[in-house]
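Knowing the structure of chain D, use the given hints to seat chain P on it.
2 protein chains.
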Amino acid sequence: MSNKKKLIQPRTLKGFRDYLPDVMMPREELINTARRVYRSYGFAPIDTPTLEYAEILLGKGSDETDRQMYRFEDHGKRDVGMRFDLTVPLARFAAQHIGDLGTPFKRYHIATVWRGENTQRGRYREFMQCDFDTIGTKSLVADIETALVIHDLMVAIGFDDFTVRVNNRQVLSGLLEKLGLAEKSTEILRALDKLAKIGAEKVAEEMQQAAGATAEQAAQVLKLAEIEGTTDDILIALDGLVAGNEKGEIGVGQLRDLTQATSAAGVPSDRLQIDVSIARGLDYYTGTIFETFLGELPGIGSVCSGGRYNDLASLYTNQELPGIGASLGLDRLLAAMEELGKIDNRTTPAEVFIAYFDEKSLPRYLQIAAQLRGAGFNVELYPEAKKIGQQLKYADRRGFKVAVVAGDRELEENCVQLKSLKTGDSQTASLSGGAEELIAAIPQILGSTT
Amino acid sequence: MSNKKKLIQPRTLKGFRDYLPDVMMPREELINTARRVYRSYGFAPIDTPTLEYAEILLGKGSDETDRQMYRFEDHGKRDVGMRFDLTVPLARFAAQHIGDLGTPFKRYHIATVWRGENTQRGRYREFMQCDFDTIGTKSLVADIETALVIHDLMVAIGFDDFTVRVNNRQVLSGLLEKLGLAEKSTEILRALDKLAKIGAEKVAEEMQQAAGATAEQAAQVLKLAEIEGTTDDILIALDGLVAGNEKGEIGVGQLRDLTQATSAAGVPSDRLQIDVSIARGLDYYTGTIFETFLGELPGIGSVCSGGRYNDLASLYTNQELPGIGASLGLDRLLAAMEELGKIDNRTTPAEVFIAYFDEKSLPRYLQIAAQLRGAGFNVELYPEAKKIGQQLKYADRRGFKVAVVAGDRELEENCVQLKSLKTGDSQTASLSGGAEELIAAIPQILGSTT
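Chains D and P, in that order, are what the protein sequence lines are. Quick note, the first sequence lines up with residues 1 to 450 if you use our numbering. Quick note, the second sequence lines up with residues 1 to 450 if you use our numbering.
Only chain D is shown next, with the shape it has when bound in the complex:
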């Protein structure tokens, strides 16, 4: 006869995951960096409910998002769903509050979304989005700032080698008008969007099959998409191609103004390039569009994308709300940073570990910890008087950088041993006159371990 009770098996749902500290810490850091950069441009945070009326979330959705949405009846028999992106909630939010908020309204929204996707594609059913948008202005200044935010964000995250690729839907539309393909532009742009993935030949096939273009027309669109060179070269080539088409001329003019302005603001020309081949499949973009690629890992795709739209919230209000925004691909970026060795495997946010010898010294340990925290260090005090070797092994495994070791002998002499957990080197720091010597010595050890 067993006394064991029946246990519930601890497990997560398929497509969902726990974030352990080694994964959660770089994630938090990335989110904080995004927040800091967004705020530096005056974007303010908002949040919206996870659950909304299904009718609101489904308003604009494609059949695919409809199917993927987590949808159920709540306690009050309402038909509700969990948000599957932050764009639909923003549209609803803007329609509801724009009168109070006033325009231009600049917001960022960093939040979780859910999609009951097929996990065989390696996708998760719960993930974060990290969006910023400027709503209620058609001014190109907002487009320019969006480019600058993306640039500053990539630099702040720690990338040197990246390219923000910019295009303008009006250039594409104008050219399609000239080619007599205006009515098929959605299909053409969707095909064009796959250029990097499937190559020119297959894109040409799709343009003919899905959009009814002739082989000649498809070839001309692809010729446009393959324009390369310096920004000036590209602009001159585009001037020629769109000449006579108003939409196209406006688009090229906006690209010219945008690249000049970002250059004046200090963005190097290799980090912001016109790329006529990017189209962004989504229908609702109407002007400037962005994608961002890592120089070392272009194959993972765009890590920050967005663009300008004419009318954000037409499903919920008759007020026209033009805007522009972009979204940082958190998960993709974290995967890239992992692959590029930009993430260490620490599991503690603290640098300094204080070993614990016996209860009577506890007040001293607590004082030292408080002094170090006061000086800005993150400090963990081990809670049990285990063998020092065992404590240091714990500290090393967690990723602490420095251990403060102070047994009876050290405390009697009013000093501590400071041990670098990377090199194993020890040095003595006196506590006479407070923790100043300790506080001065730690940054040197931290410096030598990074």
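Don't take each hint at face value.
You can't tell identical chains apart in this list, so a pair holds if it fits in one copy or across any two.
Below, computed lysine to aspartate or glutamate pairings styled on EDC-like, alpha-carbon distance capped at 16 Å [unchecked claim]:
no.	residue 1	residue 2
1	14	117
2	14	270
3	386	408
4	194	275
5	5	228
6	247	177
7	393	100
8	5	320
9	14	79
10	6	55
11	194	257
12	223	275
13	387	228
14	5	311
15	138	232
16	138	359
17	184	206
18	138	384
19	6	296
If you're looking for bench data, these hints aren't it; they were derived computationally from the structure.
Okay, now just chain P, sitting in the frame of chain D:
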């Protein structure tokens, strides 16, 4: 005949709310403060899925949480629920990962939870919890650190006048044993927990009705709960009361060690007090328990509460996982800060507003903005050349502190006007030799506006 299309009414579900910038900014700041303090003690972040198997979430729940949980069938016909707290997911998480994580394991978890509660009590159905716990050690050092974290957190948030009230369940249990009420301790403690709310008379009634205590026994428990005085007075009184009962003696010893240690670590005695009347209704606390009250608003209840438990995850594993933790009451605290005037009504995270006059000056504005951002300021450039009065009204309404005004005349003279939006005062800052003069002048204006 109307051309108007049918609009979907933009609205949120009952019990849910949008967070506009004026509410979201102090919320973000509070969360960042909590994160910073938790990290300074070596607590590491984790996250768990919003959706879990219903069987896991319901494992420990009371009937009330069962009823309140959002529960539905997912696309794969699984019985799933949305988490209603962060404790149950922590237990499941610890049971699943503790082998990899090792102990002691110190984690914080700041995340949204959902309960389909009755909104007539003024409760929301979606809210945030902000928990930290130390798992896998019975050492009192973890209890002491929990008290220190709560103290440092309140100070970091900006409170001077608050009290962390500490008690120990073993003191209460020991006393109940001495009074012959050991078997009714759950009911007694639940009644005692209501002392501040309903008063001694009603608590005594409940002890008699719900726990079958005699009037005399109830009076003795209440007498204990009303012990007051300095920490030393209370400890001496408790020594006398528990004398001869082992459990009680251990509990009083722990209270003595804890108060001595926090005092050694620099916590003023008025900010950490023994309060024998707090009981924390929940069954699973077994040792130290905490509540935290604001001196100016004691009536709103505890803003940070927690305690020690013997066995976190017994539903999911046979491994015993003792621990201690506490939870910051974000919404309650924000409501208190609002009431105490500690929250301003700004809707922008930026201090500096740059007015926009015409397109040809845009490169200069962008340069100035970049220089100010480089110096650490958050800066918004207005995107349209509206009348300056209209722009300044926008800036003032949003809560910017300083406006940089530079029309043709100023830029020709290579200077800008710096305008305090609080006082209306203007001063000139030269741009010759870069933005140094500007960067030096702004903090002075910011200082005078706070």
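Okay, the hints, checked on the actual structure:
In this homomeric assembly, residue 14 and residue 117 come within 16 Å of each other (Cα to Cα) only inside a single copy, at 10 Å, whereas the closest approach across copies is 28 Å. Taking the shortest alpha-carbon separations for residue 14 and residue 270, neither the intra-copy value of 42 Å nor the inter-copy value of 50 Å comes in at or below 16 Å. In the homo-oligomer, the alpha carbons of residue 386 and residue 408 lie at most 16 Å apart inside one protomer (15 Å), although the nearest pairing across protomers, at 72 Å, exceeds that limit. With identical chains, the CA atoms of residue 194 and residue 275 are at most 16 Å apart within one copy only, with a shortest distance of 14 Å there and 67 Å across copies.
Taking identical chains as interchangeable, the C-alpha atoms of residue 5 and residue 228 are never at most 16 Å apart, the minima being 69 Å within one chain and 43 Å between chains. In this assembly of identical chains, residue 247 and residue 177 lie within 16 Å of each other by CA distance solely inside one copy; the values are 9 Å within and 86 Å between copies. Within a single copy, residue 393 and residue 100 get their C-alpha atoms only as close as 57 Å, which misses the 16 Å cut-off; across copies the closest is 15 Å, which meets it. Taking the closest pair of Cα atoms, residue 5 and residue 320 come within 16 Å of each other only across two copies (14 Å); inside a single copy the shortest separation is 62 Å, beyond that limit.
Taking the closest pair of Cα atoms, residue 14 and residue 79 come within 16 Å of each other only across two copies (13 Å); inside a single copy the shortest separation is 24 Å, beyond that limit. Taking CA atoms no more than 16 Å apart as the test, residue 6 paired with residue 55 passes between copies only; the shortest distance there is 13 Å, against 43 Å inside one copy. In this assembly of identical chains, the alpha carbons of residue 194 and residue 257 never lie at most 16 Å apart, being 27 Å within a copy and 67 Å across copies at closest. Proximity of residue 223 to residue 275 under the C-alpha cut-off of 16 Å is restricted to the intra-copy arrangement: shortest distance 13 Å within a copy versus 79 Å between copies.
For the identical chains of this complex, residue 387 and residue 228 are neighbours neither inside a copy (65 Å) nor across copies (41 Å), given an alpha-carbon limit of 16 Å. For the identical chains of this complex, residue 5 and residue 311 are inter-copy neighbours only, at 14 Å across copies versus 59 Å inside a copy, given an alpha-carbon limit of 16 Å. In this homomeric assembly, residue 138 and residue 232 never come within 16 Å of each other (Cα to Cα): the closest approach is 25 Å inside a single copy and 69 Å across copies. For the identical chains of this complex, residue 138 and residue 359 are inter-copy neighbours only, at 14 Å across copies versus 67 Å inside a copy, given an alpha-carbon limit of 16 Å.
Within a single copy, residue 184 and residue 206 get their C-alpha atoms as close as 12 Å, which meets the 16 Å cut-off; across copies the closest is 76 Å, which misses it. When the C-alpha separation of residue 138 and residue 384 is checked against a cutoff of 16 Å, the pair qualifies only between copies, where the shortest distance is 9 Å, while the shortest distance within a copy is 62 Å. For a Cα distance limit of 16 Å, the shortest separation of residue 6 from residue 296 qualifies neither inside one copy, at 51 Å, nor across copies, at 49 Å.
Checked against the numbered hints above, the structure breaks hints 2, 5, 11, 13, 15, 19 and satisfies the rest.
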